[in-house]
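S.K.: The chain contents come next:
Protein chains: 2
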Amino acid sequence: MSPALEAALAHADAHLDESVERLKTLVAIKSISTDKAYAGDVRQAAEWLVRDLEALGFDASVRATPGHPMVVAHDRAADGPHVLFYAHYDVQPVDPLNLWHTDPFTATLVNDDKGETRIVGRGTSDDKGQLLTFVEACRAWKAVNGLLPLKVTLFFEGEEESGSKSLPGFLDANREELGAADIALVCDTDLWNAETPSIVTSLRGLVGEEIEITCASHDLHSGMFGNAARNPIQVLADVIASLRNPDGSVAIEGFYDDVRELPADIAAQWKRLPYDEAAFLRGAGLTTPAGETGRSVLEQTRARPTCEINGIIGGYTGDGFKTVIPAKASAKISFRLVSEMDPKKIRAAFRKHVTDRLPPDATVTFSEHGGSPAMSVPTDGPFVKQAAAALKDEWGNEAALIGSGGSIPVAGEFKRVLGLDTLLIGFALDDDRIHSPNEKYDLRSFHKGIRSWLRIIAAFAA
Amino acid sequence: MSPALEAALAHADAHLDESVERLKTLVAIKSISTDKAYAGDVRQAAEWLVRDLEALGFDASVRATPGHPMVVAHDRAADGPHVLFYAHYDVQPVDPLNLWHTDPFTATLVNDDKGETRIVGRGTSDDKGQLLTFVEACRAWKAVNGLLPLKVTLFFEGEEESGSKSLPGFLDANREELGAADIALVCDTDLWNAETPSIVTSLRGLVGEEIEITCASHDLHSGMFGNAARNPIQVLADVIASLRNPDGSVAIEGFYDDVRELPADIAAQWKRLPYDEAAFLRGAGLTTPAGETGRSVLEQTRARPTCEINGIIGGYTGDGFKTVIPAKASAKISFRLVSEMDPKKIRAAFRKHVTDRLPPDATVTFSEHGGSPAMSVPTDGPFVKQAAAALKDEWGNEAALIGSGGSIPVAGEFKRVLGLDTLLIGFALDDDRIHSPNEKYDLRSFHKGIRSWLRIIAAFAA
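Those sequence lines, one after another, are chains D and W. Numbered per the working numbering, the first sequence spans residues 65 to 526. Numbered per the working numbering, the second sequence spans residues 65 to 526.
It should be emphasised that the hints constitute simulated quantities derived from the structure, not laboratory data. This one's a predicted model, so the numbers in the text were calculated from it and none came from an experiment. Be a bit skeptical, because a hint or two may be false.
Because identical chains cannot be distinguished in the list, a pair is counted as satisfied if it fits within a single copy or across any two copies.
What the hints assert, rightly or not - Below, computed lysine-lysine pairings styled on BS3-like, alpha-carbon distance capped at 30 Å:
1) 392 <-> 100
2) 392 <-> 416
3) 416 <-> 229
4) 178 <-> 335
5) 229 <-> 100
6) 94 <-> 512
7) 100 <-> 449
8) 386 <-> 229
9) 178 <-> 392
10) 386 <-> 88
Chain D with its partners taken away, still in its complex shape (with noise of 0.2 Å):
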């Protein structure tokens, strides 16, 4: 190791507590993106995130955009390649509060049962504390060796949780600007285990259908009209149950043509990989996988692509009872894509299927809510290696490459618009419950995290 990192390692481990400090200050910002009446807090967070670059001698600025703002920085002093470094500022409301056992925005520490330290708030997790673990990595190495070792360009975005509407403008606005790094990394993703660092190489894509289907031109009485008359949530039970094969497959017809098998290599490193199904799943108070029958769990919420009812409405649904056939029913719809899938062969394919079901009397209506095509990282650049073989020596154990189930559209947009490939690399754990009440992100991530950029920094510059 050298002196340099060594000495880095050191001041990030003495002066933790200074780093949680600033995260606290971060998080008590209320940057909640998706609702306008934080707004003013959504900037005040960008401003804050300025002025502490600014402190490090980063040239940094708030850039505003027709939605929040972005926050870009540049500290290009060093020789040595050029990484441009993104997480997010905003994050999800808090509702339902009453479920909060700590106030979301004061971020707590608390010892849970394992002896862990939890920094429990909004945002800690997702995506402030994964944010700062590179920040603080900069500090760290600037206290005690004053320059950095390679360029760093960092951009925090403002409006990640709200469907990031900016994001691809602004990098089509400053192409040149952001462009001119080698490699990107982004920090929003987790750690394989709480004992084992990853880094994700591949994306689901993903596409969103919103279905009606009408059947008679008013709300009927089911005592007049019942039997004879077709009923839209029948109808619409009927498509849905029509969508997964007995064995859990997607039942839509070339559904799977696109879809590649994992390679042999890959499929034999995810089976190495400690993994306890029983435990992820025991997280949201189940027990059996639902989905394809024989894929397990890691392949089906990683590697496979998938169909989700996300809502469904029709009819009465107050309280109590009314005894009527409405006139229509709807739902909302998604699909995460895989390999080769085609979003848009994807979403004909459906519509196909729903159409070509459709009893006498009924009709549907389609609304497109996004798609976007999976993406892969190739695994075998000088980045990769180098960043696989920094996090080992941090962690100890090897960084797993895994594909991930989630959509990050943030990395398809910078192979997209500025033809950088993404580094992936987070802190999180399966159990933040980001999104969620009682959101946390373990000390140890954030502590390790910093320390990971610090050994990942250097290696990249040796």
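Starting from the known structure of chain D, arrange chain W on it as the hints suggest.
M.R.: The following block gives chain W in isolation, referenced to the frame of chain D:
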């Protein structure tokens, strides 16, 4: 025709405008019984009726129940038989409000394209307009003849649209007072068609059930858990889809065990009745009968049991999209019963059907929303014959003796608690859009309804 009847008919004709004004006043009182927010309005409607009946010389009172109040009024000054007239003064909710062309609580006279005048508003048909046909008949008779020709007890319910929960207890507690009548009359049913009166001789029963399916302990992110976590909306849709066979029959085991085929003579009479299946469906914007293959619409809607989904909700149902796998989803489901079907047995068979089909990690809770058996009325007594003759005098056509698709539990309760047979005679039409936006009652229904009751009470008294 007796001079007393002739004078009363003439008076009813001459004062129809005033009768309509009273209907407008009653419609304006928002007596929605299923929504607690309107409890004060329900009471106000009862009080308005009592004041009006007292002015007419009835001994009238608002009578408390554990739910909404009943109205009971007596005019027993005459000799002759004693009729117990029942109707209900509560109404269904009015949502969705944006589909109404006029204010639901402002009864509005609208001329349709056939030259018919419609009285449009919530409850104009079901059941405030029908209720007032009898009251206005009594008013006309008393205005010209002083005394009614027979003993009349009026009994108006305020929670028919919300399950009639207080009805059995109230009848039981007032058995002597209400059971002193010789025959019950219920005005809550339809004409056969605009030219043909009807007496309903059978009613379907009703079982209401609400089911809630729970899978995970909390809402999950579909990117993290999609495929592997059981989705309660999918489970609910699978269950609902399993309720019907491909031929449209209900798939619950034993569902048809106690269903009798129509007797041959009744089936023959129904075949003779003027009935336009296509027109009936067209009135609801439909073209093709759903339900059991090979059964006529008439039979399906009046003499066959059914299973209808009346409401469904789960997951995210607001604007936009949320990639959630919800923890819960629920539906309201009702069954119409015929012949000897036992509500308890049907409820148990349904619950078993659902429970047997639950996959791992799905649990269900059931809530009961009322249950009543089907009932039938003897067609050979003197009252039926007198009423049928009086109806023929008014309408020119024979009264159809027909089964009704709806459930009017009060007729069963009158038999069970008071030992009274019931004649169900009403003047509504298929296209009255009861329980829906733009509910209407034809002015002709209202007018000839009043005249029909005048002829019936004269016939009973003769």
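S.K.: Each hint should be assessed against the structure and marked as holding or not.
M.R.: We went through each hint and held it up to the structure:
Proximity of residue 392 to residue 100 under the C-alpha cut-off of 30 Å is found in both arrangements, the shortest distances being 25 Å within a copy and 26 Å between copies. In this assembly of identical chains, the alpha carbons of residue 392 and residue 416 lie at most 30 Å apart whether taken from the same copy (20 Å) or from different copies (29 Å). Proximity of residue 416 to residue 229 under the C-alpha cut-off of 30 Å is restricted to the intra-copy arrangement: shortest distance 26 Å within a copy versus 47 Å between copies. In this assembly of identical chains, residue 178 and residue 335 lie within 30 Å of each other by CA distance solely inside one copy; the values are 27 Å within and 75 Å between copies.
For the homomeric pair residue 229 and residue 100, the shortest alpha-carbon distance inside one copy (14 Å) is at most 30 Å, but the shortest distance between copies (43 Å) is not. With identical chains, the CA atoms of residue 94 and residue 512 are at most 30 Å apart within one copy only, with a shortest distance of 26 Å there and 65 Å across copies. Neither within a single protomer nor between protomers do residue 100 and residue 449 lie at most 30 Å apart by alpha-carbon distance, with minima of 42 Å and 66 Å respectively. Taking the shortest Cα distances, residue 386 and residue 229 sit within 30 Å of each other only across copies (15 Å), while inside one copy they are farther apart (39 Å).
Taking CA atoms no more than 30 Å apart as the test, residue 178 paired with residue 392 passes between copies only; the shortest distance there is 29 Å, against 49 Å inside one copy. In this homomeric assembly, residue 386 and residue 88 come within 30 Å of each other (Cα to Cα) only across copies, at 25 Å, whereas the closest approach inside a single copy is 45 Å.
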